[in-house]
Amino acid sequence: MNRNIRIVGVAVLGMFLALFISTTTIQVFQVNNLANGPENRRSQLADYEIERGPILIDGTPIASSNPVNNMYRYQRSYANGPLYSAVTGYYTYTQGSTGIEDAMNAELSGKSDSQFFAGLNRLFTGQTPAGAAVELTINANAQQVAYDALGDLRGSVVAFDPATGAIIAMVSTPGYDPNGLSGPDQEQVLDTYNQLLADPNGPLQNRAIGGDMNPPGSVFKLVIAAAALEEGIATPDSPLENPATWTLPGSTAVVNNPSHGSPCGSGETTNLRIAIEQSCNIPFAQLAVQLGDDKIRAMAEKLGFGHEFKVPMTASASIYPDGPLDDAQTGLTGFGQFDVRATPLQMALVSGAIANGGVVMNPTLVESVLTPDLRELQGQQVSEFGRAFSAETASALESMMIGSVSSGVASNARIDGVDVAGKTGTAENGDDEPYSLWFTGFVATDTTHIAVAVVLEDGGGMGQSGTGNGSAATIGQQVMKAVLDG
Amino acid sequence: MPSTPDLAAAPDTRVRVPGGRRRSTQGLRNLELALLVFAVAIFFAAILLVQLGASGGFDFNVITMPAIIAALTFCVHIVLRFIAPQADPFILPIAMTLNGIGISMLYRLDLAHVAAGEESGFASAQMIYTAVGVVMAIIVLFLLKNHRVLLRFMYISMALAILLLLLPLVPGLGDHDAAARVWISIGPFNFQPGEIAKIALAVFFAGYLVTARETLSVVGTKFLGIQFPRLRDLAPIMVVWAVCMGVLVFQRDLGTSMLYFGLFLVMMFVATGRISWIVIGLVLVAIGGVLAYNFMGYVNFRVHAWLDPFDPEMIDASGGSYQLLQSLYGLANGGLIGQGLGQGRPLITPVAESDFIISALGEELGLAGLFVIFSLYLILVARGFRIGHQGIDDFGRLLAMGLSFTIAWQVFIVVGGVTRVIPLTGLTTPFLAAGGSSLLANWIIVAILLRLSDTVRQTPVEDRE
Chain A
1 MNRNIRIVGV AVLGMFLALF ISTTTIQVFQ VNNLANGPEN RRSQLADYEI ERGPILIDGT
61 PIASSNPVNN MYRYQRSYAN GPLYSAVTGY YTYTQGSTGI EDAMNAELSG KSDSQFFAGL
121 NRLFTGQTPA GAAVELTINA NAQQVAYDAL GDLRGSVVAF DPATGAIIAM VSTPGYDPNG
181 LSGPDQEQVL DTYNQLLADP NGPLQNRAIG GDMNPPGSVF KLVIAAAALE EGIATPDSPL
241 ENPATWTLPG STAVVNNPSH GSPCGSGETT NLRIAIEQSC NIPFAQLAVQ LGDDKIRAMA
301 EKLGFGHEFK VPMTASASIY PDGPLDDAQT GLTGFGQFDV RATPLQMALV SGAIANGGVV
361 MNPTLVESVL TPDLRELQGQ QVSEFGRAFS AETASALESM MIGSVSSGVA SNARIDGVDV
421 AGKTGTAENG DDEPYSLWFT GFVATDTTHI AVAVVLEDGG GMGQSGTGNG SAATIGQQVM
481 KAVLDG
Chain B
1 MPSTPDLAAA PDTRVRVPGG RRRSTQGLRN LELALLVFAV AIFFAAILLV QLGASGGFDF
61 NVITMPAIIA ALTFCVHIVL RFIAPQADPF ILPIAMTLNG IGISMLYRLD LAHVAAGEES
121 GFASAQMIYT AVGVVMAIIV LFLLKNHRVL LRFMYISMAL AILLLLLPLV PGLGDHDAAA
181 RVWISIGPFN FQPGEIAKIA LAVFFAGYLV TARETLSVVG TKFLGIQFPR LRDLAPIMVV
241 WAVCMGVLVF QRDLGTSMLY FGLFLVMMFV ATGRISWIVI GLVLVAIGGV LAYNFMGYVN
301 FRVHAWLDPF DPEMIDASGG SYQLLQSLYG LANGGLIGQG LGQGRPLITP VAESDFIISA
361 LGEELGLAGL FVIFSLYLIL VARGFRIGHQ GIDDFGRLLA MGLSFTIAWQ VFIVVGGVTR
421 VIPLTGLTTP FLAAGGSSLL ANWIIVAILL RLSDTVRQTP VEDRE
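Chains A and B are the protein sequences, given in the same order. Numbers 1 to 486, taken from the UniProt record's numbering, label the letters of the first sequence in order. Numbers 1 to 465, taken from the UniProt record's numbering, label the letters of the second sequence in order.
Where hints are given, some of them may not hold.
Said to hold, decoys possible - Partner residues are not named here, just some residues of chain A that face chain B (Cβ under 10 Å, in silico):
hint: 1; residue: R6
hint: 2; residue: V12
hint: 3; residue: T23
hint: 4; residue: R42
hint: 5; residue: S43
hint: 6; residue: N201
hint: 7; residue: L204
hint: 8; residue: F338
hint: 9; residue: E376
hint: 10; residue: Q378
hint: 11; residue: V382
hint: 12; residue: V418
Don't read these hints as lab results, they were simulated from the structure. Heads up, the beta-carbon is just placed ideally off N, CA and C, and yes, glycines get one too.
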């Protein structure tokens, strides 16, 4: 019987060996996999125990974590929620997060690679883990002015420094209060979230860098003009045909200038300068057909169309439609209609390229990342996206845009004593749909660097009677003035 | 092996031979006392650390009840000095350590419940059950002067086991809220009769196999190099198999079913030494498994949750893999050295106090802590096997083997289920998990093993078979 007992003893040893192996596998080898496993409540809660770093503007927090007496230990609070909602995004315990909260989560929660040793150090010195602070490039004054100027309208403003890519203002209205989503009561959070989601004005959409993008309309003419100048098929003052109406080739659709049935300017011929100043459609439709969609697309892509910029949250890629397009479609894209779609960020980049001598800078919101002991983990990341066109083309475009403000249809963007370059747009969304109103421009001085783009959906509240100059240019002017004055 | 005499009827042939192989009684008991002091120190330290970890301070008032438990185990020690001086010195301290660790973890879960604004009180209940269990162990030590007495109760044990197994099915007694119908409720008390039944079964199996081993050892035909028994000798194993299947079908209790069948198979193997019984047993398990998998929804479900706990459908399903998954996350959260007592999040795993207590322990004590716990079980089981190995009569050997194997087997079924070695079945982890009947049963097992070990050493070597 003893032999049998020994055999069973070996079997029991084998059973326990299996348990030793299985627990070792789980507790040593699968730790990282399991930590990221589906519905891992422990990992979620562990995130909340970290004192999340603040989001700062000029050292003042617009988002910060405050100790609270519930299972989450800290609660996120936003100093001026709706004003900055397009920037900060929201941070929830169970519904994910957006904006800087999401894009800079690794740094804010202290889990980025560069924070590894700092975190380890705090662990051994018995301090609670804390995330890094993210300082933004936003100019608080410009942001407030843009937000106030948009008021109750549905739209967005983006302003940035064309030389560095630093974003100065980013507003999307209607905004929302992220405080409503950061509370500990998850049912209430879900309620608020669903209400925001169901709101027909789409407050959760960040129109500055995404959402349902608008057709750019006449502001897209800058892209066509850039391509035409680069290709040498036109100069600002070379003569262009000047018919009163033009039927798109291969179609029955008739293109009109802004005053229906009138030619562009009073002359027998017109030119690029007049066409930009008066925002005529026919010359640009004709130039577009002459260029062909491939060349327009190539210029658009050099300016950033088709690219998802990381600001650091991902901006939707603006769209120039895939080819091949027929001549009628290409003609419509000449003044930013058909399937062209753009974000305000993209249109600000177009202005920025002109202001910056043809070079597109990668836009960013992050100025620096600072550890809790104020060591800089990361400075401002200035990088070039690429050169879109020559400096000559840039200066030609600049002079025409200045004309558009000083003596053309973008007159509402004028600022006393400073040259302002600008271009308006009034884009159609369909026969009975309200227009999308646009303005993009920049301050044409060597000392102040600001390029801006404004979009107003729903015709700026005026349906089909709104114009880019009437509403959008005024807002652009106020934001640029705020930076100049500030 | 010589032919087996009728041991129950045999006169006590033990003679205390001067100069025969005997150990110093004093030495054994002093070793036990030292280990017991150590075990109690671990228990108190664990309770206080739980408090420090969970609430950041000490409140020495909570030591009162643990002190009573400790005093009771010292009583067992003193009782042993008088009525079983040669008893194994490791069994009592190990049982005390495991029981203490279990109470500490339940106290930890209580504190977590309080933090979440709920009431639980697992620890106080567990300490009362422990006290009852330890007192029961003392009673058993007093009543059971000679284990061979149990042989007379062999058929009564069988009847008792069957009665206990049927109890939960009696209308009005069974607790039908639970998924598995293994509980009975009498007034405010819940009782899991299957836990007590395992002792009765071990007694019955040991007694039955002592008388039947000759017949069962008879070789029939040879197949695939293994000698198989005659067809007519298959009846007992078929009966046990049928009973276990009954448990599986009517009580929906996979764990208990596995526990009993495994116990019978191993005891049968120890008695006969025939591998063929194991092969037949495994074939029967396979048949039962395939039937259960195809015709019993919950068995099918368990297997799926075992194979792919990460399947989103499985996670969300009622009775799916959510619990297993959260327990795995808890173990992973513990890692090598654990989060520290009172500092993990064991409450996230549903019903961490019973089937999943090992995951709560793994989260706070880490792999290091679990290895210690497994090693304690292994030593406890090894001591039991040692008693079987040195045993003086076949009944005692089989009984010691059977009882210690139930502990090993039960640990394997529960912990293997939690760590995905086998599908999750659901049994209590001996000494650790919350549950009065389980504690009572295991303390009775401790008492029987102590009595057996004393008998073994009291008997001079030359008197043994």
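Given A/F338 was flagged as interface, is its beta-carbon under 10 Å from a beta-carbon of chain B? This hint is violated: A/F338 lies away from chain B, its Cβ roughly 42 Å from the closest one there, beyond 10 Å.
Min Cβ distance, A/L204 to chain B: is it shorter than 10 Å? With a closest approach of 25 Å, the A/L204 hint is violated.
For the restraint on A/E376, tell me whether the closest CB of chain B is nearer than 10 Å. Status violated, d = 33 Å.
Measuring from the C-beta of A/Q378 to each C-beta in chain B, is the shortest one below 10 Å? Since the shortest Cβ distance to chain B is 30 Å, the answer is violated.
Do the numbers back the hint for A/N201, that is, is its least Cβ distance to chain B under 10 Å? At about 34 Å, which exceeds the 10 Å cut-off, the nearest Cβ of chain B leaves the hint on A/N201 violated.
Close enough to count: is the Cβ of A/V382 nearer than 10 Å to one in chain B? 41 Å, violated
Regarding the hint that A/V12 lies at the interface with chain B, is the smallest CB-CB distance below 10 Å? Hint on A/V12: holds, closest Cβ of chain B at ~5 Å, below 10 Å.
Agreement of hint A/S43 with chain B interface, Cβ distance less than 10 Å: Nearest chain B Cβ about 7 Å off; hint holds.
Restraint satisfaction for A/R6 [CB to CB of chain B, less than 10 Å]: This hint holds: A/R6 lies near chain B, its Cβ roughly 8 Å from the closest one there, short of 10 Å.
Satisfaction of the A/T23 interface hint, Cβ to chain B closer than 10 Å: With a closest approach of 5 Å, the A/T23 hint holds.
Take the shortest C-beta to C-beta distance between A/V418 and chain B; is it under 10 Å? A/V418 check fails; min Cβ-Cβ to chain B is 59 Å, beyond 10 Å.
Restraint check, 10 Å cut-off on beta carbons, for A/R42 near chain B: With a closest approach of 5 Å, the A/R42 hint holds.
When held up to the earlier numbered hints, the structure conflicts with 6, 7, 8, 9, 10, 11, 12 and fits the remainder.
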